[in-house]
Amino acid sequence: MPSNAPLSPTHFVAPLDETPLVAVDKVQVAAKPSNLYLDAWRDMRRRPLFYVSGVIVLLVIVVALFPTLFTQLDPRACALSFSNQGPSAGHPLGYTKQGCDVYARIIFGTRTSLSVGIIVTLLVTVIGIIIGALSGYYGRWIDAVLSRIGDIFFAIPYILAAIVIMSVVAREARSILVLSLAIGIFAWPSTARVLRGQILSVKNSDFVMSAAALGVSHFRILLRHVLPNSIAPVIVITTIGLAGAIVAEATLSFLGIGLPPDVMSWGKDISQAQGDLRNNPMTLIYPSIALSVAVLSFILMGEVLRDALDPKARARR
Amino acid sequence: MTATTVATTPGTGRDKGTPLLDIRDLHVGFVTQNGIVPALNGVSLTIMPGETVAIVGESGSGKSTAAHAIIDLLPGTGKVTSGRILFDGQDLAATSGKAFDKIRGNLIGFVPQDPMSNLNPVWNIGFQVEETLVANGRAKRGKDVKAKAITVLKEAGLADAEIRLKQYPHQFSGGMKQRVLIGIGLSSRPKLLIADEPTSALDVTVQRVILDHLATLTGDSGTAVLFITHDLGLAAERAEKLVVMYKGKIVESGPSLEILQNPQHPYTKRLVAAAPSLASRRIQGSHRERAALDQVVPDAAASRVTAAPVITVEKLTKVFQINTGKLRSQPFTAVDDVSFSIPKGTTMALVGESGSGKSTVAKLILKLESATSGSVTVGGKDINKVSGRELLALRRQMQPVFQDPFGSLDPLYNIGSTIAEPLVTHRVGSKKERHARVLELLDQVALPTTLIDRYPNELSGGQRQRIAIARALALKPEILILDEAVSALDVLVQAQILALLTELQSELDLTYLFITHDLAVVRLVADHVSVMRQGRIVEASSTDEVFDSPREEYTKELLAAIPGTGIQLGV
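Going down the list, the protein sequences come from chains S and Z. Mapping the first sequence onto numbering that gives the first Met the number 0, position 276 (from 1) lands on 275, and the numbers just tick up by one. Mapping the second sequence onto numbering that gives the first Met the number 0, position 371 (from 1) lands on 370, and the numbers just tick up by one.
Some hints here could point you the wrong way.
Partial list, computed: chain Z residues near chain S (C-beta under 8 Å) [claimed, not checked]: (1) Tyr245; (2) Lys248; (3) Gly253; (4) Glu257; (5) Leu365; (6) Pro399; (7) Pro447; (8) Ser459; (9) Val492; (10) Gln495; (11) Leu499.
By construction, these hints were calculated from the structure, which means they are not laboratory data. This one's a predicted model, so the numbers in the text were calculated from it and none came from an experiment. Backbone N, C-alpha and C define an ideal beta-carbon position, used for all residues, glycine too.
Pulled out of the complex, with its shape left as it was, chain Z reads as follows (with noise of 0.2 Å):
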């Protein structure tokens, strides 16, 4: 496997001595009843001193895998199985117990995923950066571990360092907590940094001023940092190097715009075709294939624009009592005067950023939740005016498909009673002809139809939403009400279940809305797109309009924060 050795980095004016780390033919696996399982077949890479490496790959590939493997933090059942894990000469994969501790967050830092479980709720966030410092031996215990504390969160980008010392991970938004980690990870200014997924839990705009943070933190101190990511933009833009990852090995690694600029092995090829903040046109119905993506028809979307309203929310509000404890509660206007409408035919693309209402209003016009005032007319009916049967009946012509793949479908219904629900429910055909309707549409959604009597734990998660999406489908719908539909599957994935959906919206003549914190996917998708920014819409235009000439300062915020917009692609 020499073969896949990276050479180290000549003409970057690097240090071209020893690299800093240097994986050899790495395998690792992972111990079940059926033997072990690989993840990682022969992984070998380097990081040169301060080199910034972003690993990139769908989930399953063995991306996290790697990076757990170089600070031996496999969970119990994984092991490394042969190669080398060579970091400034010292072979990590041999090394493990308390010679690892002198390792781990003294030379090697590390940012964990998800900022929310990171940190124990019930220690103050000054114990948990000290506890660092002293286990790093950092500092001693007294007045100079919390000078140093002060300093590692002043330094992380938080004011008011003193007091944040005192408060708790609950006081503490996403994006502060992510700072927090950060802090620790490079408080002991490490060599090297891993970054696992640091800010796919966050905010665009959250994320971009993190990952701004960071970079200049990394810099100054010469850490070499290691991303760990499954956003090719952000890693383009962040990294100088990418590895792109697939199936436990390394398909393609190089210089980060020479990969996406001049992709090589088919998968990149893949990766770099589907990345949502890479590519530019709507996705265009009756064409299966992502080449359509580069046809441009404008007079399409110019004449849906045109059709009569299907649905049409006005002054939307909707107020919620927050308890405040002592039994006493205080309003929450989660929705704020929302008023747009949507033509037949087309997709409207309701934006925002977490908290913004966006769900709310997904509630509110599926009447899962009941508006405080305002109206929502779906096919000229009020539907707050409607109940029993005629509600029954607009239920019909509005279905929704969710975010959580693997929340939506029910763990114990089988596909087949999956689809038909909505048919048994609303009693339409005989058993013989739903069974003939299920099959039909399990082929719309492009699944074979011998999933019928499979239950939903043994789909992945794209198809679980192909089936929420012939579920919804079963009743022959005028409206999808997607809320963050595709916000939870991988790239190509999410660009299969796009492609999907603009297909079936030509074929079937379907309105969507279309919900969404991720602005690259509304512009392949979108005619129109609403910003919501604290219950209210800041911004409402046609899609193009939104992209190319934002009115508001929110709007170029977001726009500015998808990683990887500015990267010319070049193909």
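So that you can see chain S by itself, here it is in the shape it has in the complex (with noise of 0.2 Å):
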């Protein structure tokens, strides 16, 4: 028996106990299930940044759903009489030049820049999985005229695009809607491209060959694996893009070539107060700092959101 012939006087051996043999491979498993979003969403509800953001980005969508529950004014009705008058009670912000009321126009405005926000970004991300998508799973000549179709917008600043189509368009048919679809049309294209890298590599994985392997589609394969596993990044862009909407519609509201004169928007209050800024600039700076809240909230939701969604910046904190 050769475990019975003598050890060299360098030959050590731990004492068994000190490191108890632990069967090969055993399953050892955490308490609950976790995979990429559910651990996301777990460690999204860990970070104070979330719940404040989350907050306004809640608040922001009760306010656009029921005005009616913050003012019972009418922010049409308008005196002159009041014209730049400070604030008094039942009038916290106080009046604009036209006399009308500072808060209930901020009130009645947050609708205007939401729906611009929602359909844009609508707009942008069914535009952009459907063309990153298919020009990242099927590559090819499809990739190769997707792409370029992509470049052509890319290579328009959408505020630009956006702006020609404004002033091309009539007065009379301006709407919400209009100037959504003037955004939304120039700035698919960043969504588009993200998502086609990210498909190009996720793609490539064995999974996908195994359900090939399998007889699935490749509908099915980039429907059910590829894109799954591709979208954590848009979903992140989407975020902010929404906050790049609702400034887009401010911008364009300021211009004036944006939304027809009876719809109520921050924009279009912040240029209205500017020949006002010297003797009455607080007109000027409460819509502004409205607009700021919405759009620092999304922007702050989509740092969360790309946080939590990307592991490695989880595995650094």
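The task is to assemble the complex, starting from two chains supplied on their own in separate frames and drawing on the hints.
Right under this line is the structure:
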């Protein structure tokens, strides 16, 4: 028996109780199932910034849906006799030059901003996902054609494109929907590019090949395996893009080529207040604050999502 | 922990004086959100001047952490929490920053694991070699450094060193890059060279040449070498002393041969028993115990060979068009006139080094790529002539298991849906029946059924491969195409999966096409072997014949390159 042979003096053996043997490849799992999205959700709920931005986003949504919960005043009931008056009882933010209540106008303007933000985002995401997914997954000439189209749209800044489109559109035809289309039609290429890049790296995974060997159709593989594994960065840029769309609406309204006169909007209020910047700066500052807070909350939410959806960033903390 | 200190080596005729490297009770931990996670728990080891020592262990055993701690290259979150690292009398654990720069590279050389990512692709080789020489004070900028750089490359065994200096890493093969890195590591004549899995990314024949060369270089200069490796055979062949690590501790250390022939610690015993390069017999089905290795059943293999072939590959050829830029492309024959057949219930191994075309054969058989010419007949049908419903039926008979355990499962599918996907795709059974089948399959691959709602990221590499096997078996196929299915796993886990595959084969009468670069594993599982080189099959025969009396020079070379083949176990 070789095991009885004398050991050389340099042969060291650790006592077994110091490192007890574990069965080879023993299954050890945490208490709860986890995958990228479940982990991201758990991670977000540990972050104060998630609650701060989440509360503001929720508030913006509630204000947009039910403005009358926040003010009983009619923002259109303006009287020149109140022009540029300061705050008074029931009118905490004072009056505009036209004698309208600033607070009421901000409350009612929320819906415009959010509507444009959501419609633009939907448009950008749908076009971006379709084009990005098709060009990334199918490659070859489909990719060549779709990517060049994307490049053309990408070369034109979407704000500039929207200005051109809106100045062509007749004044009567202007509406929230038209404005959103004008912004969204040139904003999708970045979404498409990000998704295409992700898909290129995911589609060569072994699990995609396994599914193909099973006989799963290409389209189904794209839909069920490739897209869910590539969509995380799109979620992030979509959230941040929503903030961008709100800014774009304010910009166009500020320039006076955005919305029809009867629609209230923060951008328009800022534009109208600029003449009185010296004698009544608050009429400009209040809608600006509303705009900044709304935009900031969506950007912060995007940051939270980005950190949560990037496992590497999570490990760094 | 004084008991864990390995005494200096008496009776080996070496300098019995002070050790070159003396690690005492080293503790290293990684700082995480949940506090410090220990990686090394009291490691003590000594290296005498000129000695070659190998640390062996599975992934996560702390072997690389130990190496990185010595040269202060722990990742940002890693910290030496206690213990001393005495190098030539200086405590490295207490040294850092500028003072360490003098030691690293100068006195201790380092050869990293992955030659592909350790040379900067935007600088030419000459610049990178010269940079090291200047940084270590071995040469001044100017003509002097160029001449020295050429010497370094020549020593590293690269012909045409002058021309090579001006080339970029992408113009070098993996083996050549590793030569450069070894040259850089040894350029300043360090007293100690740490080689962290220096050849695990390379083909075996290249590995052998490089390790031989490394041994000559360090032998000539009297440099001590610390090898980090997962391969027990390689460690025993190359090092005088073995250190076996397990869970951040040293469980056994001593003279290499003695540890292999007379392992004491149960973990070392496990390792020795599982090392494929040291074992010699095909694993037999219906025996889960490793002891089955020693039972020779010559009749079984013989009777299986006579069965009718399930897969017949005839004159299979695949030509790719490789873009050479400027809208031109060049034909490249990846698979060249390959023919073989696999009898039912047997395993055929397709062996070859990287680029031999073996994985392309797998894709052609699975119809994931279409063949340029030739035919693949599965169950009497030519797969190139079927489509639609018939193809779907054919896919049911034949399922793949791929190499990368971290890429072969969709991270967003839980285990239950992963295994059920084939059933859903082929509309097999009701939801309830599918659930029952998933549980049955989990049981078949020896995993707890509680895993059904878990996700792949919670599992180890070996467990993921089990899931991949379960998925492949879901439709009760006759054939499994195993494309490097165990190559990425630790030896113990590998042995376990191989045993599982053998067990399943005898239970379900499966036919395997086992594609691998590792000849050592082939002996454990295959009945037949085909050796591929540059798209062609150079030798095809029964496993015993190939191993005992190889005909082709190339096969002999491959066999000789398996690390540890010459070692007699004596157990």
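Violations among the numbered hints = 11
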